[in-house]
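From first to last, the protein sequence lines are chains F and V. No gaps in the numbering here: position 116 of the first sequence is 116 in my numbering, and each next residue is one more. No gaps in the numbering here: position 147 of the second sequence is 147 in my numbering, and each next residue is one more.
If you're looking for bench data, these hints aren't it; they were derived computationally from the structure. The reader is advised that the hints may include incorrect statements.
Unchecked claim - Cβ pair distances, simulated, as ranges: (1) V:Asp215 with F:Ile154: 30 to 38 Å; (2) V:Gln234 with F:Ile21: 56 to 64 Å; (3) V:Phe277 with F:Glu227: 45 to 53 Å; (4) V:Lys88 with F:Gln139: 49 to 57 Å; (5) F:Asp135 with V:Lys88: 27 to 35 Å; (6) V:Asp82 with F:His215: 51 to 59 Å; (7) F:Leu143 with V:Asp206: 18 to 26 Å; (8) F:Ser140 with V:Met153: 23 to 31 Å; (9) V:His231 with F:Ser226: 55 to 63 Å; (10) F:Arg28 with V:Asp215: 53 to 61 Å; (11) V:Met153 with F:Gln139: 55 to 63 Å; (12) F:Ile212 with V:Asn266: 34 to 42 Å; (13) F:Glu10 with V:Asp215: 33 to 41 Å; (14) V:Asn266 with F:His4: 22 to 30 Å.
Unchecked claim - Covered stretches of chain V (in silico footprint by chain F; criterion: 3 or more residues with CB under 8 Å from a CB of chain F, positions within the stretch not fixed): (15) 41-49; (16) 263-273.
What the hints assert, rightly or not - Once the Cα atoms are required to be at most 35 Å apart in a straight line, the calculated DSBU-like pairs of lysine-lysine come out as: (17) F:Lys131 with V:Lys208; (18) F:Lys225 with V:Lys265; (19) F:Lys13 with V:Lys265; (20) V:Lys258 with F:Lys7; (21) V:Lys43 with F:Lys65; (22) F:Lys208 with V:Lys165; (23) F:Lys85 with F:Lys225; (24) F:Lys131 with V:Lys48; (25) V:Lys258 with F:Lys13; (26) V:Lys265 with F:Lys85; (27) V:Lys208 with F:Lys218; (28) F:Lys11 with V:Lys208; (29) F:Lys65 with V:Lys265; (30) F:Lys208 with V:Lys267; (31) F:Lys218 with V:Lys48; (32) V:Lys267 with F:Lys7; (33) F:Lys225 with V:Lys258; (34) F:Lys11 with V:Lys258; (35) F:Lys85 with V:Lys43; (36) F:Lys65 with V:Lys48; (37) V:Lys43 with F:Lys11; (38) V:Lys265 with F:Lys7; (39) V:Lys267 with F:Lys11; (40) F:Lys208 with V:Lys48.
Heads up, the beta-carbon is just placed ideally off N, CA and C, and yes, glycines get one too.
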Amino acid sequence: MNSHLRKDLEKLKTQILKVAISVEENVRKSVKALRELSPALACEVINADYDIDKLEVDTEEECLKILALHQPVASDLRFVITVLKINNELEHIGDMASNIAKRVSFIRTENPVPIPFDIETMTSRTVYMLKTSIDAFLQSDELLAIGVCSDDAIVDEENRRCYGNVAEGIKNNPDSAMCYINYLLVSKALERIADLCTNIAEDIIYMKRSLIVRHNMKDAIERIKSEYE
Amino acid sequence: MNATLEIEKKKHSNIMKESPEANPKSGPGNIVEASGFSVYYGKFHAVKNVSLGLERGKVTAIIGPSGCGKSTFLRCINRMNDLVEGCKTTGLLALEGIDIYHPRLDVVELRRRVGMVFQRPNPFPKSIYDNVAYGVRLKGAIRKSELDDIVEMSLRRAALWDEVKDRLNANAIGMSGGQQQRLCIARALAISPEVLLMDEPCSALDPKSTARIEDLIAELAGEYTIAIVTHNMQQAARVSDFTAFFYEGNLVEFGETKIIFTNPKNKATNDYITGRFG
């Protein structure tokens, strides 16, 4: 059982890494497509999402196979469960990247308006959170994971500001309402990506110490940080 | 001396031929308690300074690679190692606060209170009825109707009654391996033990018989305290409330099974149960 399980776990790690790389690349491309309002790049993102969906299904099947054939326990069990959850979250992130890409063509054809959120802060922070959460998983580093959770507040705040700006923009410039609404959807998608990265970070803490921190993250962060001080 | 222990000692004083000293470390929740307990076979130190309690009414699994001392420890609880030449123990192993290795302890009474089921089913070459009745008859004269009731109740508890009620006089040797093992469990239950020791009870059984024994363990838990030695990690995870991991004679980790199998504290435990060694 031993070497078979080891081999399958290694294979699973490679598999989830493939999903992570594809999703990260697609999120970066979607942000680039948004900044450049490039329909060609947006189209690439939308098409790549189908490949991500397929990878997600393959990874889930691999997890189910390991659970059924090897009945892993302890750290192996936590690893497989974490991959199962992260896989699902990465697929959702892929969907969000595709959503952002779909907004690009709408925004291009509407009356142009100033972007109602700080695109630099929001996109760079979200991409950074995604990259860090993947690194934290690969390195099993819960301090990196905690950092991801702390960053979420910045993206949330920017999304809230966007909502206010969009409301005001539509009131002052009703002809551009559709463009504003599309930007609001982009902002919401970025905020959702950041939330999903937080979920990944929580999964990593579970993987490391078998602790479910979903509903009391603040306390968990304090406790984990104090252990490292 | 703790008041609870004093009461327990009086209640069970019949186990001793003369009044013994009770173990001051025995907790009220633990029916069996080892404290700094060691076993030697000649110069070989098989169990090293183990401190461990078996909680009353719970199932404790003892796991570890071959030669780690888990069966030796189990067999000490009803002094099955007494006849092993060169076997010597130090430290304390107590049943309800009473030293199991006290020189004045009545070993027959100890084995009545602590039953044992072995790796291979070992029915006597007698009828099914006589197998179950054997230990009860040894305790002294008993009315036939009373004995019938005990045999039926024991076979029912061992989930065997429905299969054998019409052939109680048939020879037990003709039963299947799984049935023989349940018969051995019925035989152990017939003398109303408080603790049931199981040394790899399913290792010679097919999956269906194994599942029946596991179901039986779940049914008996609560009423009996069970300690089971097993090499099957999934079985330990399925049937036990607590798990003890032994390695090279040492008790490496002991705790709730759900913790041991999801988040063991010790790296060696994690490595063993995930199949990285052993």
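Verification of the hints:
no. : hint                               : result
1   : V:Asp215 with F:Ile154: 30 to 38 Å : violated (55 Å)
2   : V:Gln234 with F:Ile21: 56 to 64 Å  : violated (35 Å)
3   : V:Phe277 with F:Glu227: 45 to 53 Å : violated (28 Å)
4   : V:Lys88 with F:Gln139: 49 to 57 Å  : holds (50 Å)
5   : F:Asp135 with V:Lys88: 27 to 35 Å  : violated (56 Å)
6   : V:Asp82 with F:His215: 51 to 59 Å  : holds (55 Å)
7   : F:Leu143 with V:Asp206: 18 to 26 Å : violated (50 Å)
8   : F:Ser140 with V:Met153: 23 to 31 Å : violated (54 Å)
9   : V:His231 with F:Ser226: 55 to 63 Å : violated (41 Å)
10  : F:Arg28 with V:Asp215: 53 to 61 Å  : holds (55 Å)
11  : V:Met153 with F:Gln139: 55 to 63 Å : holds (59 Å)
12  : F:Ile212 with V:Asn266: 34 to 42 Å : violated (22 Å)
13  : F:Glu10 with V:Asp215: 33 to 41 Å  : holds (37 Å)
14  : V:Asn266 with F:His4: 22 to 30 Å   : holds (25 Å)
15  : 41-49                              : violated (count 0)
16  : 263-273                            : holds (count 5)
17  : F:Lys131 with V:Lys208             : violated (49 Å)
18  : F:Lys225 with V:Lys265             : holds (20 Å)
19  : F:Lys13 with V:Lys265              : holds (24 Å)
20  : V:Lys258 with F:Lys7               : holds (26 Å)
21  : V:Lys43 with F:Lys65               : violated (48 Å)
22  : F:Lys208 with V:Lys165             : violated (54 Å)
23  : F:Lys85 with F:Lys225              : holds (24 Å)
24  : F:Lys131 with V:Lys48              : violated (49 Å)
25  : V:Lys258 with F:Lys13              : holds (25 Å)
26  : V:Lys265 with F:Lys85              : holds (24 Å)
27  : V:Lys208 with F:Lys218             : violated (48 Å)
28  : F:Lys11 with V:Lys208              : holds (33 Å)
29  : F:Lys65 with V:Lys265              : holds (27 Å)
30  : F:Lys208 with V:Lys267             : holds (13 Å)
31  : F:Lys218 with V:Lys48              : violated (43 Å)
32  : V:Lys267 with F:Lys7               : holds (20 Å)
33  : F:Lys225 with V:Lys258             : holds (26 Å)
34  : F:Lys11 with V:Lys258              : holds (27 Å)
35  : F:Lys85 with V:Lys43               : violated (52 Å)
36  : F:Lys65 with V:Lys48               : violated (40 Å)
37  : V:Lys43 with F:Lys11               : violated (47 Å)
38  : V:Lys265 with F:Lys7               : holds (25 Å)
39  : V:Lys267 with F:Lys11              : holds (23 Å)
40  : F:Lys208 with V:Lys48              : holds (31 Å)
The structure fails to meet hints 1, 2, 3, 5, 7, 8, 9, 12, 15, 17, 21, 22, 24, 27, 31, 35, 36, 37 from the earlier list, while all remaining hints are met.
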